[in-house]
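Colleague: Listed in order, the protein sequences are those of chains F and X. Residues 1 to 335, numbered by the working numbering, are exactly what the first sequence covers, in order. Residues 1 to 809, numbered by the working numbering, are exactly what the second sequence covers, in order.
I should point out that these hints are in silico values taken from the structure, not numbers from a laboratory. Don't take each hint at face value.
To be verified - Okay, the calculated bits of chain F under chain X, using three or more residues with CB under 8 Å as the criterion:
no., segment
1, 83 to 90
2, 107 to 121
Said to hold, decoys possible - Sample of chain X residues facing chain F (criterion: CB under 10 Å; computed from the structure):
no., residue
3, A60
4, V65
5, A66
Computed from a predicted model, the values in this text were never measured in an experiment. Just so it is clear, CB atoms sit at the ideal spot from N, CA and C, and this is done for glycine as well.
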Amino acid sequence: MNRRELLGLGLLLPVSALAQVKYPEVTPNHALSFPRDHGAHPDYRQEWWYVTGWLKTQKGEDFGFQLTFFRARPDIETANPSRFTPRQIILAHAALADPRHGRLRHEERAARTALDLAGTKEGSTNVWLDDWFLSLDKDLYQTRIQARGFSLELQFEAKDKPLLQGQSGFSRKGRRPEEASYYYSRPQLKVRGTANGQPVTGTAWLDHEWSSQYMAAEAAGWDWCGLNLDDGSALMAFRMRGRDGKPVFAPPGVSFEVLKEWKSPRTGTVYPVGMKVRAKDQVLSLLPLMDDQELDARASTGTIYWEGAVRALRDGREAGRGYLELTGYWKPMKL
Amino acid sequence: MLLSLLAIALGVALGYAVHLVNRAAIEELAAGVRTLAGEADLEVRGGRAGLPEEVYAHIARLPGVAVASPVLEVEASIPGSRQSIRLVGLDALRAALIQPALFAEDPAMRLELLKPDVAFLSPSAFAQLGGKNLRIVSGTRVHELRVAGAISGLRGSTALTDIATAQWRLGRLGELNRIDLRLAPGADREQMRARIAALLPEGAYVATLDAVEETGASLSRAYRVNLNVLALVALFTGGFLVFSAQALEVARRRREHALLRVLGLRRGGVARLVLAEAAALGALGGLLGIALGHAFALAAVRVAGADLGAGMFRGMTPELTFSAGAALAYALGGVAIAVAGALPPALDAARTAPAQALKGGDEQAMFARAVALWPGTLLISSGFGLTWLGPVHGIPLAGYLAIACLLLGGVLLMPWVAEKVFGLANPAHVPTALALAQLRGAPGQAAVSLAAIVASFSLMAAMAIMVASFRSSVDEWLGAVLPADLYFRTTASGETSWVDPELEARVRALPQVERAVFLRSSRVVLDPGRPPVALLAREGVDRDASVRFPAMGAAYERKAGDPPPAWVSEAIADLYGFFPGREIRLPLGGTAHPFVVAGVWRDYARQHGAIVIERSVYAALTGDRRANDAALWLKPGVEAAALAAALRALPGGELLEIAGAGEVRRASLAIFDRSFAVTYALEAVAVLVGLFGLSSSMAAIVLARRREFGMLRHLGMTRRQVGAMLAAEGALLAVLGVAVGLVLGGAISLVLIHVVNRQSFHWSMDVHLPALLLAGLSLALIVLSSLTAMLSGREATGMGPVRAVKEDW
Chain F
1 MNRRELLGLG LLLPVSALAQ VKYPEVTPNH ALSFPRDHGA HPDYRQEWWY
51 VTGWLKTQKG EDFGFQLTFF RARPDIETAN PSRFTPRQII LAHAALADPR
101 HGRLRHEERA ARTALDLAGT KEGSTNVWLD DWFLSLDKDL YQTRIQARGF
151 SLELQFEAKD KPLLQGQSGF SRKGRRPEEA SYYYSRPQLK VRGTANGQPV
201 TGTAWLDHEW SSQYMAAEAA GWDWCGLNLD DGSALMAFRM RGRDGKPVFA
251 PPGVSFEVLK EWKSPRTGTV YPVGMKVRAK DQVLSLLPLM DDQELDARAS
301 TGTIYWEGAV RALRDGREAG RGYLELTGYW KPMKL
Chain X
1 MLLSLLAIAL GVALGYAVHL VNRAAIEELA AGVRTLAGEA DLEVRGGRAG
51 LPEEVYAHIA RLPGVAVASP VLEVEASIPG SRQSIRLVGL DALRAALIQP
101 ALFAEDPAMR LELLKPDVAF LSPSAFAQLG GKNLRIVSGT RVHELRVAGA
151 ISGLRGSTAL TDIATAQWRL GRLGELNRID LRLAPGADRE QMRARIAALL
201 PEGAYVATLD AVEETGASLS RAYRVNLNVL ALVALFTGGF LVFSAQALEV
251 ARRRREHALL RVLGLRRGGV ARLVLAEAAA LGALGGLLGI ALGHAFALAA
301 VRVAGADLGA GMFRGMTPEL TFSAGAALAY ALGGVAIAVA GALPPALDAA
351 RTAPAQALKG GDEQAMFARA VALWPGTLLI SSGFGLTWLG PVHGIPLAGY
401 LAIACLLLGG VLLMPWVAEK VFGLANPAHV PTALALAQLR GAPGQAAVSL
451 AAIVASFSLM AAMAIMVASF RSSVDEWLGA VLPADLYFRT TASGETSWVD
501 PELEARVRAL PQVERAVFLR SSRVVLDPGR PPVALLAREG VDRDASVRFP
551 AMGAAYERKA GDPPPAWVSE AIADLYGFFP GREIRLPLGG TAHPFVVAGV
601 WRDYARQHGA IVIERSVYAA LTGDRRANDA ALWLKPGVEA AALAAALRAL
651 PGGELLEIAG AGEVRRASLA IFDRSFAVTY ALEAVAVLVG LFGLSSSMAA
701 IVLARRREFG MLRHLGMTRR QVGAMLAAEG ALLAVLGVAV GLVLGGAISL
751 VLIHVVNRQS FHWSMDVHLP ALLLAGLSLA LIVLSSLTAM LSGREATGMG
801 PVRAVKEDW
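Just chain F, same shape as in the assembly:
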């Protein structure tokens, strides 16, 4: 080995000696505390604030909307002092489901938390990516999304305390104990504001979830729904599916049954856009506001999935509204 090669090796060392980032583990019996846990948990691998809901214009037209802010901590350990070093990544997408348009209007963004152009705050919900943001002041969430094809300027008022999912906010996602997240929801949010400049009102659902290992290795995706029922109650159900399409994990008493399938003309992916959901004592049929609510998020989270506004029917009569999320049908999800 000559001197130049030796020199090269020496310089290479920091690259190959990359330390893996140590993420904190999600454990049971960890009491969530508010408002602290409304804020960000930057040490964990990933975190999201996920708002879905139905809007009604003054003319009585129905829209579905979805807006999400993700925070990800990449598995990158480096001594680089640059302010651009990607220690945290913020991703966001927003979609508007307008039945007259027939498919989603959608925009997505991604940025590292450099120079405060994107970021999260600890202590209370405050996440932003350029001029998009979601923030919480007492019980009032504010958001503004100015996208190329649509705009949303909304506030969500939470009357109830956070609804802790799983065991007091410890939500298992797989058979292994570390496959879990901290998870709470804010159902029955009262929505006011404007969509595309028109005044709207409605009801929304917010999920806040953070974890270091969300999916089991054998899982390919999940089915999830969050429903605001007309009687003021709320229902959340999910299951994790394996690569063969069969469920690999679901909370006790939860099951999904396909009612209606739809094949995307763009990707050829088949989604079960109508589902019968059983959770505890409830049996609800979910039917989509429109079939095509496929969302191409390859530019931010790198996947294509179906995330749509649904009506919940009990014995053929509408009993509530909410959102159904179907991931891993296009390709297995990677988080």
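We have chain F; now place chain X onto it with these hints.
Modeller: Showing chain X alone in chain F's frame:
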């Protein structure tokens, strides 16, 4: 005929090849800019010093800015190589929104690119590295980047890496030098441009993408125009050959045409016949030219690169694309030139009355009209007038026009000159006297040959004088700018290597070094519409003119209270109107600092201009204490090799490129010769075709005079004497042609030197006459001319006097 065809083919081929190569180069350049800039509406560019990243954050937050993508791009030096690679540090997450094409194949590449010390390469760079890590120089250290793959949208030699990696590894934390912006729908581009411009530090600017592309294209415009003019010269020569060939052909076939007229062909019919022949010739030449041009272009791109050796588009491998439209246009150009050349003879053929033509003996009628003095005089004087005009968009159009006027005017004056000159003497030697009499008596035919000699010889002489002047000026200039014994620089190319103050101190402390002068080179933008200019911070320029540069014109005596001095190159003086004594502002370290122009210097190295300032002033204003190269003087008795070895032994010294003054000089002259190689070759071919055209027209004239030779033989002249007469005719013609060609060529070379080159490249040079070369060329031409005349005479007189006269029924 064949030569006319060849000349037209050559002209078309040259023009088409230049067009093809240029288009490929420009498209490649534009595609490179486009892929890297994507759908950006505006682009902010910092100078060499860059932009603070806070400015980026500020701009990104402006209402109306939809996406702001930060970039730090440099021409990174590769250790141990003369090549560099364009290293583009960007934020893949932002860039994907403006340059979606980059990551279209696999969006996961964006995430891979977030990792530290990872690079994606252009296909050519990827192939070249062959799986090895990318090694780049930063300062005098080497960094390795892991190659994660190739991105097909990248052109040339390019690598993408994360912005954070680029900042850190290049030692430019906190800095950017480009921001790509996409505006929100409805935002006013001009308003946004103005708002952003107000936020930028001195030396940075914001422009639309079109403007950026245009700056790139203007890099080589003058060079391209020069090559195109060369193609025009070849086409012109072709047209001229068609003219002389057709004129002789028409003269020879006078009776044939008259017979056709008598048989019922109308006037227009004869003209059409002649023109159709020329058009067919032109079409054939055009087709041949297109094929030849394509081959030329292919060969040129392979061998010399897209800029034909001028060193303007490094790392580019353009692809030639056949364009039917352009091919047709150039082929038609060939036809047009051929038809234009044949027009005067065709008209003449049509005008001639058949009865008169059948009788014979008035073959001179067509040429008689051209003996008037005024058109030539007018053209020549307007040629001189045109040299006073300035360039149009940086292109010396008036200069080219002046050359055309001089050339055409000179050619038109030839019959008059011939008449006067050949009327002067009346020697006793019979063949010579006869030759003179022939030249006097048939001035038209003589004029055609003379014009050919004058046209080709003056162009040849002009090019020879211009190139010799240029080369000797460069040689002299190299002597002046290389006063020291030994030079070193930090790797051959790229802008990421430098000598830090520590290494500089070590070099100064070497026992072999008598004196060391360090130089820091960087670039500044004085006008966003023009390419950046070189800023050279050199120590000791204030006190010691010998390390400075070859000064031109008067220097400015600084007065008390003047800002620090700056010396500008001729290009700067020409392009920006800076003159000694003028106060200028230079953007250094983000602020505009005043300087006073202390003098103008000659610089052949940097076409877009260079400014020299004192290094201590530069360091005080920018805080930049790095250097790029150094000039070293040896202590008495020390060998250059010993110092070179000592330099290499220093830490960081293994990356230095060390050369003696002689080596630098030889390398520079080699580069000079290479840049002009294509120009020389094309010119030589064009002139050669002209010369052969001359000899063929000579031969044609001689053959047409067979009857005359028969008559002379009957009058008692021997074949030998006829041969001597022809040789004398050829020599006399050539001597006159060469004499006039030299004068005309001298005038044209002055226009080339003082107008065309000055306006295209902003280089002044001292006129240098390559006397030996010119004398040799003159002699060759005279010998060639009399030889041709004699050889054709031998053929013409070979058939025997009786048959020759009999032909004249």
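Colleague: Could you run down the list of hints and mark each one as holding or not?
Modeller: Verification of the supplied hints:
1. 83 to 90: holds (count 5)
2. 107 to 121: Coverage by chain X holds for the segment 107 to 121 of chain F (8 residues, Cβ < 8 Å).
3. A60: Holds: closest Cβ of chain F sits about 5 Å from A60 of chain X, inside 10 Å.
4. V65: OK, holds: V65 of chain X within 10 Å of chain F, min 9 Å.
5. A66: holds, 8 Å
Consistency note: the structure conflicts with none of the earlier hints.
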